[in-house]
Each structure stands twice: as structure tokens, then as C-alpha cells.
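Number of protein chains: 2
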Amino acid sequence: MTPILATDAARAGAILTIDLDAVVANWRQLSHQVGPAARAAAVVKADAYGLGAERVGRALAAAGCSRFFVATLDEGMTLRRALPEAEIIVLSGPLPGCEEAFPADRLLPVLNAREQIDRWRGLADRKGRALPSVLHVDTGMSRLGLRYAEAESLAEDADCLAAVAPVLIMSHLACADDPDHPMNRRQLAAFQAARALFPGLPGSLSASSGIFLGRPWHADWCRPGAALYGLAPNGAKANPMAAVVRLDGRIIQVRDIDAGECVGYGSTHRAGHRGKLATVAVGYADGLFRTLGNKAVGQLGEHRVPLVGRVSMDLAVFDITGLPDGLAAPGGLLTLIGPGNDADAVAAAAGTIGYEILTALGQRYHRHYVGGTP
Amino acid sequence: MTPILATDAARAGAILTIDLDAVVANWRQLSHQVGPAARAAAVVKADAYGLGAERVGRALAAAGCSRFFVATLDEGMTLRRALPEAEIIVLSGPLPGCEEAFPADRLLPVLNAREQIDRWRGLADRKGRALPSVLHVDTGMSRLGLRYAEAESLAEDADCLAAVAPVLIMSHLACADDPDHPMNRRQLAAFQAARALFPGLPGSLSASSGIFLGRPWHADWCRPGAALYGLAPNGAKANPMAAVVRLDGRIIQVRDIDAGECVGYGSTHRAGHRGKLATVAVGYADGLFRTLGNKAVGQLGEHRVPLVGRVSMDLAVFDITGLPDGLAAPGGLLTLIGPGNDADAVAAAAGTIGYEILTALGQRYHRHYVGGTP
Numbered sequence: 002m003t004p005i006l007a008t009d010a011a012r013a014g015a016i017l018t019i020d021l022d023a024v025v026a027n028w029r030q031l032s033h034q035v036g037p038a039a040r041a042a043a044v045v046k047a048d049a050y051g052l053g054a055e056r057v058g059r060a061l062a063a064a065g066c067s068r069f070f071v072a073t074l075d076e077g078m079t080l081r082r083a084l085p086e087a088e089i090i091v092l093s094g095p096l097p098g099c100e101e102a103f104p105a106d107r108l109l110p111v112l113n114a115r116e117q118i119d120r121w122r123g124l125a126d127r128k129g130r131a132l133p134s135v136l137h138v139d140t141g142m143s144r145l146g147l148r149y150a151e152a153e154s155l156a157e158d159a160d161c162l163a164a165v166a167p168v169l170i171m172s173h174l175a176c177a178d179d180p181d182h183p184m185n186r187r188q189l190a191a192f193q194a195a196r197a198l199f200p201g202l203p204g205s206l207s208a209s210s211g212i213f214l215g216r217p218w219h220a221d222w223c224r225p226g227a228a229l230y231g232l233a234p235n236g237a238k239a240n241p242m243a244a245v246v247r248l249d250g251r252i253i254q255v256r257d258i259d260a261g262e263c264v265g266y267g268s269t270h271r272a273g274h275r276g277k278l279a280t281v282a283v284g285y286a287d288g289l290f291r292t293l294g295n296k297a298v299g300q301l302g303e304h305r306v307p308l309v310g311r312v313s314m315d316l317a318v319f320d321i322t323g324l325p326d327g328l329a330a331p332g333g334l335l336t337l338i339g340p341g342n343d344a345d346a347v348a349a350a351a352g353t354i355g356y357e358i359l360t361a362l363g364q365r366y367h368r369h370y371v372g373g374t375p
Numbered sequence: 002m003t004p005i006l007a008t009d010a011a012r013a014g015a016i017l018t019i020d021l022d023a024v025v026a027n028w029r030q031l032s033h034q035v036g037p038a039a040r041a042a043a044v045v046k047a048d049a050y051g052l053g054a055e056r057v058g059r060a061l062a063a064a065g066c067s068r069f070f071v072a073t074l075d076e077g078m079t080l081r082r083a084l085p086e087a088e089i090i091v092l093s094g095p096l097p098g099c100e101e102a103f104p105a106d107r108l109l110p111v112l113n114a115r116e117q118i119d120r121w122r123g124l125a126d127r128k129g130r131a132l133p134s135v136l137h138v139d140t141g142m143s144r145l146g147l148r149y150a151e152a153e154s155l156a157e158d159a160d161c162l163a164a165v166a167p168v169l170i171m172s173h174l175a176c177a178d179d180p181d182h183p184m185n186r187r188q189l190a191a192f193q194a195a196r197a198l199f200p201g202l203p204g205s206l207s208a209s210s211g212i213f214l215g216r217p218w219h220a221d222w223c224r225p226g227a228a229l230y231g232l233a234p235n236g237a238k239a240n241p242m243a244a245v246v247r248l249d250g251r252i253i254q255v256r257d258i259d260a261g262e263c264v265g266y267g268s269t270h271r272a273g274h275r276g277k278l279a280t281v282a283v284g285y286a287d288g289l290f291r292t293l294g295n296k297a298v299g300q301l302g303e304h305r306v307p308l309v310g311r312v313s314m315d316l317a318v319f320d321i322t323g324l325p326d327g328l329a330a331p332g333g334l335l336t337l338i339g340p341g342n343d344a345d346a347v348a349a350a351a352g353t354i355g356y357e358i359l360t361a362l363g364q365r366y367h368r369h370y371v372g373g374t375p
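Protein chains in written order, with this note's numbering: chain B, 2 to 375; chain H, 2 to 375.
Be careful, since some hints might not be right.
[Claimed, not checked] Just some of the chain H residues that point at chain B, by a computed CB distance under 10 angstroms:
hint, residue
1, R148
2, I253
3, V255
[Stated by the list, open to error] Residues on chain B that point at chain H, a partial pick, calculated with CB under 7 angstroms:
hint, residue
4, L96
5, C176
6, A282
[To be verified] If you want the footprint, here are the derived chain B segments under chain H, 3+ residues with CB under 8 angstroms:
hint, segment
7, 41-52
8, 99-113
9, 249-256
10, 263-271
11, 353-366
Since the hints were derived computationally from the structure, they do not count as laboratory data.
Keep in mind the model is a prediction, meaning the values are calculated, not measured.
Built from N, CA and C at the ideal position, the CB exists for glycine as well.
Please take these sequences and the hints and turn them into a complete structure.
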């Protein structure tokens with residue numbers, strides 16, 4: 002079992018600050034945007050995108066969020082301990098042999114395949130009562146969910162439907178981050194066709210980006226995740242969400258470098274002139290991807306400082322040449338994610354998306370929560 | 002605090018198998034290779050490259066390893082609880098204000114800068130006794146360690162040396178994975194020059210790859226990490242190390258796909274013909290990098306199956322068209338890292354190194370240890 006490290010901020014190689022009030026503000030903003038016709042749940046899978054599902058969940062529940070989505074049964078069981086009252090929906094559904102754990106913790110499975118439906122119905126039959134669930138129909142991801150023909154045959158099976166007692170029908174958009182992508186209208190039409198098979202059943206189609214496609218995509222329930230955590234949900238436009246995450250790395254050493262000297266593995270950076278470097282205790286083992294070598298930018302006060310050389314496992318080196326004396330000192334902090342350099346910007350430098358920057362955030366960070374419930 | 006998930010293998014989206022006997026065999030092989038002139042320590046930083054420092058540490062200590070390297074004070078404190086007797090060396094050295102924690106847990110700091118030396122000496126003076134340490138001289142990484150002139154001035158300061166009582170002088174190679182790189186000889190010469198300043202002090206220069214550069218690079222102590230965990234230490238040549246890691250992802254759903262249908266976000270994969278897909282409960286939140294979209298390969302029995310479409314946060318989809326019926330079923334396992342597809346091969350597909358594949362291994366995996374101490 003992995004130990005929980007860095008409980009003491011002074012010892013930590015980096016401090017991850019998570020603004021729970023900003024998470025709540027983002028949820029309220031999205032709720033307002035889709036309401037009153039639709040409501041907003043909260044997606045807290047992958048440990049709330051690496052930010053801590055229990056803390057995020059408690060803050061959102063206190064703000065009035067009643068419905069939460071997680072990816073796995075284990076995540077659902079963990080979240081149940083933090084949120085005794087909330088509705089918790091498990092996106093991956095029941096794995097064979099794990100069905101009993103769902104009603105034991107009042108977790109709702111998403112039923113993604115006929116095979117999952119049959120097992121869930123078997124459990125309902127054994128228990129002699131209907132067991133609520135969420136139906137997932139695929140509309141173009143080819144990842145999870147019933148095909149249209151499967152949904153059609155389920156809709157004709159009244160006994161099965163009574164047993165698995167769906168409370169929601171959902172699907173997932175493949176290209177919602179690109180508002181002009183033809184898939185968005187195609188998936189909306191496919192979702193509406195599937196919904197017509199189950200009259201009266203509330204629907205859910207959109208995650209963060211889908212919300213910004215407009216009212217038709219909102220259905221009854223939206224499932225924001227990324228936008229709650231401050232990631233830009235709407236591609237090229239200005240990010241309307243409040244910033245949630247800040248990451249400050251600890252400076253271990255400040256050193257001189259002469260012209261011609263090299264930095265890091267593979268000697269990929271060679272100093273062009275005499276200068277100064279700051280070595281920070283954050284590396285790729287902490288989620289600072291190796292792809293950020295010679296590409297990331299840190300901040301020291303108002304100054305932007307480039308990461309030079311490759312990212313090491315536990316260390317990264319920044320060029321602080323020409324900065325005012327005393328701005329960088331051992332034990333001080335250099336900002337890796339923050340205002341003017343948010344997770345989306347770091348992702349762009351790394352060649353990925355902000356989602357992956359957040360979920361890769363490391364276990365060695367000291368985590369400092371701002372706001373939320375006590 | 003992040004909860005520890007997936008304690009039950011049946012519920013887990015993936016099972017990570019770690020062969021502690023193979024770790025021990027690798028350490029013995031390297032010890033033999035560098036002995037008797039030199040000895041092998043063990044690098045267990047970053048939670049033993051993601052494999053569990055406590056379990057790995059206990060297995061190696063039982064096999065006779067007496068000296069361990071970690072990256073941070075927190076890692077040292079955690080490892081001390083598992084290894085009451087071992088010598089534990091903290092590579093990042095003491096951060097300002099954290100000096101006292103080192104003698105409290107009998108941790109040896111690496112002193113990387115004059116500033117760290119001065120603080121360590123201050124502690125020794127306050128305690129009225131010598132406090133052992135490890136000296137780090139930089140020989141070409143420009144990352145951590147004293148410059149030659151700083152080492153020279155320290156060597157002339159007998160009082161300081163008596164107080165910080167070095168037991169080892171170390172440096173680190175920048176390009177050891179490339180045996181022909183001119184940096185290797187340059188750094189060896191620089192290290193020998195620095196050692197000459199401290200007659201009689203044992204030296205340590207090489208990590209895994211450096212060991213394979215040959216005897217002159219072994220000095221007195223080698224510091225293998227990657228090679229202990231089965232990563233190839235010697236670039237292009239056949240990997241001489243025993244395999245340590247296996248990763249099996251859980252199949253959630255097996256589904257049909259028609260010609261022309263798309264898979265995953267951005268619709269980056271379009272099926273050319275009618276076929277079958279397996280959706281597996283492992284995604285980039287588990288360290289299956291997004292760069293592996295349309296590039297990774299899984300294994301089902303003897304069959305290699307390509308990952309199709311983008312990697313999602315919690316899911317990845319594999320094309321299992323044409324495989325024998327029944328080979329892939331919900332609840333079954335599909336191998337992501339294993340024989341014929343080791344961490345180095347996955348890294349090559351992802352455009353990185355095996356080290357980053359290991360340190361990114363996810364928190365949601367069920368971890369199954371083979372061998373080692375009970």
C-alpha cells in the first residue's frame with residue numbers, strides 16, 4: 002500500500018492548493034446556466050480529477066449537489082463514507098461477482114451492456130425487489146453503452162425494465178469540445194431516438210463541454226467534471242470558470258552556470274551565457290510530464306522562468322538568470338500551475354489536455370484546501 | 002487525503018503484479034556484477050518507482066541490501082518505519098527548517114549545496130557532535146551538487162568537514178544510457194578530480210545505466226534503481242534484467258462495431274469493417290498516457306490487440322476482431338504490461354522512457370505482490 006506522504010507543508014517538495022469555494026462557485030454557475038429546465042450533477046471520478054473526491058464531494062453536497070458520478074465501485078464505496086445521503090452513480094457498472102456491493106452501499110450502477118443488465122436483473126430477482134439503475138445508450142463513442150437495437154429490445158421487455166428500474170437514461174458525447182463537429186448533432190439525434198423508447202425517463206447527455214453546446218444538449222441532467230475543476234469547457238473561447246488549482250514547487254538549490262555547461266539528462270540544454278538556475282523538487286514522478294522538458298514555464302513573482310533541460314523523476318531545473326537577487330532561495334516556492342499559467346496552458350505545452358494534467362497530480366504533494374466545509 | 006482504493010482484486014479495474022523475487026534477483030545480479038570491488042545500494046525513491054518502497058525495501062533488506070536512497074525527507078521517514086536498521090540516504094538534502102527530522106529518524110542527508118552544508122553544520126554545532134552526511138559534487142548535470150570550486154573550498158575547511166562528517170561522495174551521470182556519449186568520460190574525470198580533494202572518502206557515481214559503462218564508473222557504491230525494477234539499463238542491447246511488473250486491465254464490456262462507426266473522443270478511429278471491441282477499465286488517470294491513443298498494444302492470451310481511439314480518463318478500447326470466441330469476456334483481463342510488452346516497449350509507444358511508465362502507475366490498481374518477505 003502506498004503511504005500518504007507530505008502531511009507537513011514545510012517538508013513537502015511541492016504544495017498543491019485546491020480552492021473548494023471555486024469548485025462550488027463553478028458548480029453553481031453551471032447549475033444556473035442549465036437551470037431550471039435541467040440540473041447539474043457532479044462528476045468526481047478519478048478522485049475528483051486528482052483533487053480529492055471526499056473533500057470536493059462534501060463541499061458540493063453542502064452547496065446542494067445531490068447527484069454524483071464516479072468511475073468505479075471502489076470510488077463509490079469510498080465516496081459513500083464521505084456522503085451518507087447523496088445519490089452516487091457508478092459509471093463502469095457492476096463487474097461480474099460484484100453486484101451485491103451496490104445495494105449494500107446504496108450505489109446506483111450504470112448498466113452499459115445487455116450482459117450487465119441481465120446480471121443486475123438476476124440480483125433483483127434474487128432479492129425479490131426492483132433495484133434502481135441508470136441506462137447507458139451509446140450514440141457514437143463505441144466505448145460503453147447499449148447499441149440502439151439492444152435498447153429497442155430492452156424497451157420491449159417490461160419485466161426486465163421493472164426489475165432494473167432505470168431512474169435515468171444517459172449517453173456521452175465524443176466531440177463536444179469542438180462545437181462545430183458534426184458528431185454533436187448526430188449524437189443528439191441518436192440520443193433523442195433512444196429516449197423515445199423509454200417515455201418519461203429523465204435523460205443525461207452532456208458533460209462539461211456539452212453544456213456549452215446549448216439547451217438541446219442539456220436534457221434533464223448535466224454531468225460536469227472538468228469545468229468544476231476550472232478547466233476550460235469551451236475550447237477556443239475565454240475560460241468562464243473560476244481557477245481551482247495552484248501548484249508551487251519547492252526550490253532545493255540555486256546555482257550558477259557557465260556558458261557552455263549543460264543541464265539535465267541527455268545534456269539537451271546548453272547555457273548560452275553565464276547565468277543562474279533554480280532546482281525544484283518536482284519531477285515526472287509527481288506528474289510533471291517528461292514532455293515538458295525545455296517547454297514548461299514557471300513563475301517567480303511576476304517573472305516567467307523557463308524549465309531547461311529534461312524533467313527528471315524528482316527534479317526540474319528553471320533558468321532564473323537576471324532575476325532580482327533574493328527572489329529565488331532554497332526553501333522558497335516557484336509556481337508551476339497558477340494565474341497566467343493554468344492547467345490548460347501547462348497541458349498545451351505538454352501536448353495533452355488539462356484533464357490529464359490534473360489526474361496526474363502527484364501523491365508527494367502537500368495538499369492545501371481552501372474554503373469548502375470544515 | 003487520497004483514499005487507498007481497490008483492496009479487493011475482484012472489484013479492481015486493473016491488477017498490478019509486482020514480483021519482489023525478481024527485484025531481489027536483479028539486485029543480486031548487479032551486486033555480483035560490480036563486486037567485490039564495489040557494492041550495490043538500492044534506489045527506492047518515488048515509492049520505489051511506483052512499485053511500493055516499503056515492500057521493495059523489506060525484500061531487499063532481507064536479501065542483504067544495507068543502503069537505500071530516497072528522494073525526499075517524507076520518503077525517508079516512511080521507509081524508516083519499514084526498515085528500522087537500514088542506512089537511508091535522502092537525495093534532496095535538508096530543506097530549511099527541516100534539519101532536525103534527519104537525526105530524529107537516523108536519515109543521512111545528501112548535501113547538495115554550500116547552503117545545505119552550512120545549515121547541516123549549524124545543526125551539528127547546536128547538538129555538539131558530528132552529524133554524518135553524503136557530499137554531492139556536480140560533474141555535468143547542473144542540477145544538484147557542489148561545483149568544483151565549492152568542493153575545493155570545503156576540502157580546505159577542516160572544522161566544517163569534521164562537523165558534517167561525510168561518509169560518501171557522490172555524483173550523477175547525465176548520459177549513461179548512451180555508452181558512446183562523450184559526457185561519460187568527462188564526468189568520470191571530473192568525479193575523480195573531486196574525489197582527490199577528499200582522500201579516503203568512498204565514492205558513488207553510477208545508477209543503473211552507469212553500471213554497464215564498466216568498472217571505472219563503479220567507484221565504491223553503485224545506486225541502481227531502474228534496473229532493479231526490470232527496466233533495460235543498457236539502451237539498445239538485450240535487457241539483462243528479470244521482469245518485475247505485469248499490468249492486467251479488466252474488461253468491462255465486449256461490443257460489436259459496424260464499418261464506419263467511430264471509437265472514442267474526437268472520433269480518431271473509424272472501423273474499416275464490422276468487428277468487435279473490448280472496453281477496459283484503465284485510462285489516463287491510471288497512468289495509461291493519452292499519447293498511447295491508437296498506439297498501445299494489449300495482449301489476450303497469445304494475441305496482440307491494438308488500442309483504438311483515444312485513451313479516456315478511466316477507459317481504453319481494444320480491437321479484438323477475429324479473436325476466438327470467449328477469449329474476451331466482461332470481468333476478464335487484458336494484459337497491458339507483460340511478457341513481450343514490457344514497460345520499455347509501452348514507453349517507446351508513448352514516446353517516453355520506462356521510468357515514467359512505472360512512476361505513473363495508478364492508485365486505483367489492485368496491487369498483488371509475488372515473493373519477497375511475508
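Hint-by-hint comparison with the structure:
{"no.": "1", "hint": "R148", "result": "7 angstroms, holds"}
{"no.": "2", "hint": "I253", "result": "5 angstroms, holds"}
{"no.": "3", "hint": "V255", "result": "8 angstroms, holds"}
{"no.": "4", "hint": "L96", "result": "5 angstroms, holds"}
{"no.": "5", "hint": "C176", "result": "6 angstroms, holds"}
{"no.": "6", "hint": "A282", "result": "6 angstroms, holds"}
{"no.": "7", "hint": "41-52", "result": "holds (count 5)"}
{"no.": "8", "hint": "99-113", "result": "holds (count 3)"}
{"no.": "9", "hint": "249-256", "result": "holds (count 5)"}
{"no.": "10", "hint": "263-271", "result": "holds (count 6)"}
{"no.": "11", "hint": "353-366", "result": "holds (count 8)"}
Violation of the numbered hints given earlier is absent; every hint is satisfied by the structure.
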